[in-house]
Amino acid sequence: MITFEHVGKTYGDWTAIDDLSLHVAEGEFCVLIGPSGSGKTTTLKMINRLIEHDRGRILFEGAEIRSFAPEQLRRRMGYAIQSIGLFPHWTVEENIGAVPRLLGWPKSRIRDRVTELLGLLALEPERFRDRYPRHLSGGQQQRVGVARALAADPSVLLMDEPFGALDPVTRDTLQAEMLRIHKASGTTIVLVTHDIDEAIRLGSRIVILDGGRIVQSGTPRAILTKPANDFVADFVGREDIGIKLLSIERVSDRMRPGETAEGEPIAADASLRHALSLFVARGIDRLPVIGPSGTLAGAIRLADLTGGPT
Amino acid sequence: MRRWLRDPLIWTGIALVALVVFMPALKPVFALLFPDQDRPLFEQDSFINLTLSHIGLVAASSAISVLVGVSLALFVTRPSGREFRPLVETVVATGQTFPPVAVLAIAVPLIGFGAMPALIALALYGLLPVTEATVAAIEQVPAGAREAARGIGMTPAGRLRQIELPLAAPVILAGIRTSVIINIGTAAIASTVGAKTLGLPIIIGLSGFNTAYVVQGALVVGLLAVVTDLAFDRLGSMLDRWKRDDVVASA
Chain A
1 MITFEHVGKT YGDWTAIDDL SLHVAEGEFC VLIGPSGSGK TTTLKMINRL IEHDRGRILF
61 EGAEIRSFAP EQLRRRMGYA IQSIGLFPHW TVEENIGAVP RLLGWPKSRI RDRVTELLGL
121 LALEPERFRD RYPRHLSGGQ QQRVGVARAL AADPSVLLMD EPFGALDPVT RDTLQAEMLR
181 IHKASGTTIV LVTHDIDEAI RLGSRIVILD GGRIVQSGTP RAILTKPAND FVADFVGRED
241 IGIKLLSIER VSDRMRPGET AEGEPIAADA SLRHALSLFV ARGIDRLPVI GPSGTLAGAI
301 RLADLTGGPT
Chain B
1 MRRWLRDPLI WTGIALVALV VFMPALKPVF ALLFPDQDRP LFEQDSFINL TLSHIGLVAA
61 SSAISVLVGV SLALFVTRPS GREFRPLVET VVATGQTFPP VAVLAIAVPL IGFGAMPALI
121 ALALYGLLPV TEATVAAIEQ VPAGAREAAR GIGMTPAGRL RQIELPLAAP VILAGIRTSV
181 IINIGTAAIA STVGAKTLGL PIIIGLSGFN TAYVVQGALV VGLLAVVTDL AFDRLGSMLD
241 RWKRDDVVAS A
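If you read the protein sequences in the order shown, they are chains A and B. Numbering of the first sequence is given in the UniProt record's numbering, commencing with residue 1 and proceeding in unit increments. Numbering of the second sequence is given in the UniProt record's numbering, commencing with residue 1 and proceeding in unit increments.
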């Protein structure tokens with residue numbers, strides 16, 4: 001979907017991006033992460049030509065991005081940013097419909113699409129459609145921001161620390177919704193963050209950058225279990241690695257179907273980290289598990305957490 | 001009471017029109033107020049003529065100020081014109097430091113007497129508030145909205161028309177308002193170079209020690225400024241409807 005070939009970007013005598021090669025496959029949820037100044041945002045903005053690269057090639061759906069007019073290219077890619085950037089003088093409906101309008105969709109189709117997206121992002125269409133951004137909470141604004149980015153069914157969604165300014169609870173909800181949307185739509189997503197927990201939770205692949213270069217690229221599990229060097233190990237939080245590994249697996253992966261246990265049950269789609277927390281907090285070593293339908297599905301033991309995936 | 005009855009714009013507007021049209025009828029009043037004057041009412045020209053001509057001069061000069069000022073400001077806030085910004089700001093500010101009388105005095109030998117030198121002086125004088133306000137207005141457009149507009153694929157012209165100008169409009173309008181109000185006052189001075197404005201009774205009154213003339217001219221100019229200011233206020237609240245709180249958030 002997106003390919004970087006030996007891409008470089010220099011500002012004066014400072015090399016922001018140095019010989020970066022990366023392939024983002026269709027349907028991937030690729031998270032770019034690194035400390036400040038590592039080039040993650042620059043990398044993202046080079047994809048939709050908000051920043052022009054000076055060396056190498058960037059391909060979008062097989063064609064060099066310079067072969068598109070920047071505006072045409074950007075209309076095919078969704079774009080969501082940390083400051084959200086809703087247009088304050090436009091209603092929610094006008095904001096979400098911005099790209100479809102640029103593409104010349106008929107009014108009725110835009111309206112239907114807005115209704116659909118508001119529903120998708122858990123905002124009641126009739127309540128929110130005609131509001132102005134200043135009358136929304138931060139979380140609601142970012143939902144609208146994401147809806148606007150998704151409006152024209154982009155083949156790629158670019159997100160620049162979209163949840164960075166939100167409170168932890170709202171961030172958590174929106175992360176869950178991004179996962180759901182990604183699963184449902186299969187849209188390729190490239191997301192920039194500096195939050196390793198967010199990267200582990202969302203990414204099907206994590207690309208760690210430092211000093212304008214890729215230090216390591218792989219699945220969350222690979223990054224956690226085989227950090228390429230000390231920088232990566234430190235970055236993912238050396239002593240927390242075990243806990244983070246637990247956070248990427250579900251209770252259902254290790255559950256013993258049919259077994260029973262006493263006490264308040266845990267949901268099958270909860271993370272193993274959640275399960276560990278319950279074991280420790282309650283001082284027990286067995287937990288009953290309930291399935292999605294709310295019926296008891298089995299149990300999980302403390303010892304199961306350390307076993308490999310089954 | 002019905003809403004329009006409580007509207008100060010309508011009342012001051014009616015007062016202005018009434019004062020201008022029925023000024024001759026007020027002659028006995030001024031005779032009473034200024035018993036020493038042989039001619040208690042300015043009658044060399046009708047106040048209707050003077051007012052229309054005054055408004056015409058202010059409108060024409062303000063139109064020039066707005067056109068030139070907004071264009072200059074938009075030019076220096078584009079990437080291509082950024083380098084000219086200090087130059088433009090200095091030149092425009094210099095235009096403001098000249099007292100309007102001095103500009104008129106310089107313009108007369110170059111252009112002659114009449115409405116033309118007045119027009120030029122007023123247009124120059126009104127340029128600074130418009131240019132400054134427009135530059136400030138464009139700069140206060142939220143960076144996030146700007147970046148998002150670029151990121152979703154709006155063209156530079158589309159961003160200017162749909163995002164920057166609408167968001168800047170209230171502040172630009174405030175600059176135009178200042179400029180127009182200043183020019184309503186300054187246009188009175190333009191009578192000294194032969195432009196027909198409401199300054200005529202004031203100037204003649206001052207030189208002939210006729211306070212009645214001065215009061216009559218000043219009353220109309222003052223009222224005209226008040227009505228114009230209220231009208232701009234009304235226009236301004238129409239431009240930022242999205243800032244109002246009549247839709248209440250519930251979360």
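Watch out, some of these pointers could steer you wrong.
Stretch-level coverage of chain A by chain B, calculated; a stretch enters the list once three of its residues show a Cβ under 8 Å from a Cβ in chain B [unchecked claim]:
1) 65-73
2) 79-88
3) 261-272
Chain A is faced by these chain B residues, among others (derived, beta-carbon under 7 Å) [to be verified]:
4) Ala148
5) Gly151
6) Pro170
Far from chain B, some chain A residues (derived; all Cβ distances over 10 Å) [stated by the list, open to error]:
7) Gly62
8) Pro125
9) Leu158
10) Val215
11) Leu276
Everything labelled a hint here was simulated from the structure, so no lab data went into it. All C-beta atoms in this analysis are idealised placements derived from N, C-alpha and C, irrespective of residue type, glycine included.
Quick rundown of the hints versus the structure:
1. With 4 residues bearing a CB less than 8 Å from a CB of chain B, the region 65-73 of chain A meets the requirement of three and the coverage assertion stands.
2. Beta-carbon proximity to chain B at under 8 Å applies to 8 residues in the region 79-88 of chain A; the threshold of 3 is reached and the given coverage holds.
3. Judged by the Cβ-Cβ criterion of 8 Å, the region 261-272 of chain A is not covered by chain B as claimed, because only 0 of its residues qualify and three are needed.
4. A least Cβ separation of about 3 Å between Ala148/B and chain A falls short of the 7 Å threshold, and the interface hint therefore holds.
5. The beta carbon of Gly151/B comes within 4 Å of a beta carbon in chain A, closer than 7 Å, and the hint placing it at the interface holds.
6. The interface hint given for Pro170/B is broken, as the beta carbon of that residue sits about 10 Å from the closest beta carbon of chain A, more than 7 Å.
7. Consistency note on Gly62/A: stated as away from chain B, and its beta-carbon is indeed over 10 Å from all of that chain's, at 20 Å minimum.
8. No beta-carbon of chain B comes within 10 Å of the beta-carbon of Pro125/A; the shortest separation is about 15 Å.
9. Leu158/A, annotated as away from the interface, has a beta carbon of chain B within 10 Å; the closest lies near 8 Å.
10. In this structure Val215/A is separated from chain B by more than 10 Å, as the shortest Cβ-Cβ distance comes to about 27 Å.
11. Here Leu276/A stays apart from chain B, with its beta-carbon at least about 34 Å from theirs, past the 10 Å limit.
Figure legend: structure checked against the earlier numbered hints; hints not met, in rising order: 3, 6, 9.
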